[in-house]
Amino acid sequence: MSTAAIKPKRVLPGFSLSLGTTLLYVALIILIPVIALILKGAEIGPGQFWSIVTSPRTLAALRVTVTAAVAATIFNAFYGLLMAWVLTRYDFPGRRILDALMDIPFALPTAVAGISLTALYSANGWFGGPLQATGIELVYTLGGVALAMAFTSTPFVVRAIQPVLEDLDPALEQAALTLGARPFAIFRRVVLPAILPAWLAGSTVAFARSLGEFGAVVFIAGNLPFKTEIAALLAYIRLEEYDYQGAAAIALVLLMLALLVLVFSNLLQLRAARHLEIRR
Amino acid sequence: MSISIENMTKSFGGTPVLRGIDLTVESGELVALLGPSGSGKTTLLKIIAGLEWPDAGALDVHGTDWLRLAAQDRRIGFVFQHYALFPHMSVRDNIAFGLSVRPRATRPPKAQIAAKVDELLQFLQITHLGERYPVQLSGGQRQRVALGRALAIEPSILLLDEPFGALDAAVRRDLRAWLRDVHDQTGSTTIFVTHDQEEAFELADRVVVMGDGRIEQIGNADQIHDHPASPFVARFMGATVELPVTLNAGRAEAPGLDASRLPRRALPDGPATLFLRPADITPQADPNGRWQVARCDSNGAILRIDLRDGDSTIPVDLPRRAPQAAALTRGARVTLRPEAGAIFPAPRGAPAPITPVEHRKEKAI
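If you read the sequences in order, they're chains G and V.
The first sequence: position 98 = 98 (the UniProt record's numbering), numbered continuously.
The second sequence: position 186 = 186 (the UniProt record's numbering), numbered continuously.
It should be emphasised that the hints constitute simulated quantities derived from the structure, not laboratory data.
Hints may contain errors.
Claimed, not checked - Using C-beta positions, here's what the derived DEER-type ranges look like:
#1 62/V / 182/G: 35 to 41 Å
#2 182/G / 112/V: 18 to 24 Å
#3 7/V / 134/G: 38 to 44 Å
#4 268/V / 167/G: 57 to 63 Å
#5 105/V / 91/G: 51 to 57 Å
#6 167/G / 63/V: 37 to 43 Å
#7 21/G / 136/V: 35 to 41 Å
#8 55/V / 182/G: 52 to 58 Å
Claimed, not checked - Under 8 Å between C-beta atoms, here's a sample of chain G residues computed to sit facing chain V:
#9 7
#10 105
#11 122
#12 177
#13 182
Beta carbons: idealized from backbone N, C-alpha and C, even for Gly.
Whole structure, please, built from the sequences with the hints as guidance.
Next up, the structure:
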């Protein structure tokens, strides 16, 4: 009898080929640019990096970016949840069209979105005039920056929640109903825990996207340094000035912010979904 | 709590699912709604629970009009077919849900809820599972938790939708006996839906047979088994052989049929259909018999015999040790002697039934 070890064969074919392609792609498109960015930032040295990042203009730009992104994300988290709820829970004429419209911010070039938002909300635009009459100005303000960010990142929240809501077993809500739960209690104690991981994930991606949004923002923001200049634009300005180190330093800060947010959100999601991870 | 349902109808998008239901369930009774899928039994259960609303009719529980009450206010215990346990809550939290979800004014204090949960865990014999999540439980355990969750609010009525449908046979039998105990100990009025006759008859005080949105018959196992009220019930109870006969002075007559074991029936003379279960037919060897043995397979205890006459085939189940069995080799000619059967007059104006139909499902080879 031979005692050669049995070598199990993989059931799914094409593992090495598909994994190889994936890794190559990740390396070329994602890893190498990010590493280049980090190396470029590392060239500067910690002292100079710190002085670039803490310069008043950079700090102001980062503050504008983060404030506007937080505002846009909070708005989107609630609006996106409502939209996903309406799209999955009710059947009404035009539902499919509304569903398709949700993808427009994805499909539209962000610069086009920025130009139309500016046209609509400027002093002589459709919304801008009436709004100005009530004392609200959006164009060339922080509010405008948040508006542009919210516009481009809405679909992330809607599309993250929608499939989870659709798959939610209606018997769960019926069970809560028979146990005496009122509508709000059903939502808070049965529906919300089920969609929380997806909601967090969608909101995080929307936030990360808002941090880096450029095209839609620059038109409506007016780009006044210290007021409405966002970090991504400042990095771009530094590049135009051939200040590669300054650009890299700002970009690195944005990158780290985005990474931090993604890690934090993943931790939250794991916590929210911990009951699904446990197996016997 | 007694339940009274009157003339209830319901349709989904133009398709009627309940076509006039009248049913009274006494306080403390254990009733089964039995029927094939699509008979409307689950819809009826959901209407009692307040999860569906009828188009017309009345639902009175202990003198209260329940159609004016929302599901939350009916205080019923509903056990769903696939349990519908809240996946993100532990077993304890699932069972406590109906108490902890109450508005502050009527919510029992935490310690009291915990005590109630402990009591139920004990009662359901699942004390060791309290901290687990539903994904960590087997089907039978989930069923117990679902029942515990329903019992926590001390429901006046307990409703169960296919309670054992998703379980394997052994667990099913255990839980059946256990559910009977639970019902007897809590004294609640219980209605459960099933498509399994054995389950319905073994567990329930009374069985309500439903077909196509109507109540076909209400009774206990023996009544429904021996005296089906309609051809539908006869077929549903396993009478798969339908033999065209002529009624003469209350006796069924047909060529090659010995109906001497069947009691006389007070039915008018004329064409009728005799419904027979394969196990209630005894073939008698007779060289001039109308039927011929076409197949005879043994499963050890029972001979499964196919009798043929021209194009029509009749399945017969005969104990292998029956005295008649030895003579029933392939090609032997026989007459039929039914030991029991149900007779229904042929519908007026309908063409006389021509041939009995082969209903037994053939095993794929």
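Results for each hint:
{"no.": "1", "hint": "62/V / 182/G: 35 to 41 Å", "in the structure": "violated (24 Å)"}
{"no.": "2", "hint": "182/G / 112/V: 18 to 24 Å", "in the structure": "holds (21 Å)"}
{"no.": "3", "hint": "7/V / 134/G: 38 to 44 Å", "in the structure": "violated (59 Å)"}
{"no.": "4", "hint": "268/V / 167/G: 57 to 63 Å", "in the structure": "holds (59 Å)"}
{"no.": "5", "hint": "105/V / 91/G: 51 to 57 Å", "in the structure": "violated (37 Å)"}
{"no.": "6", "hint": "167/G / 63/V: 37 to 43 Å", "in the structure": "holds (42 Å)"}
{"no.": "7", "hint": "21/G / 136/V: 35 to 41 Å", "in the structure": "holds (38 Å)"}
{"no.": "8", "hint": "55/V / 182/G: 52 to 58 Å", "in the structure": "violated (27 Å)"}
{"no.": "9", "hint": "7", "in the structure": "violated (34 Å)"}
{"no.": "10", "hint": "105", "in the structure": "violated (31 Å)"}
{"no.": "11", "hint": "122", "in the structure": "violated (47 Å)"}
{"no.": "12", "hint": "177", "in the structure": "holds (5 Å)"}
{"no.": "13", "hint": "182", "in the structure": "holds (7 Å)"}
Hint compliance for this structure: hints 1, 3, 5, 8, 9, 10, 11 are broken, all remaining hints hold.
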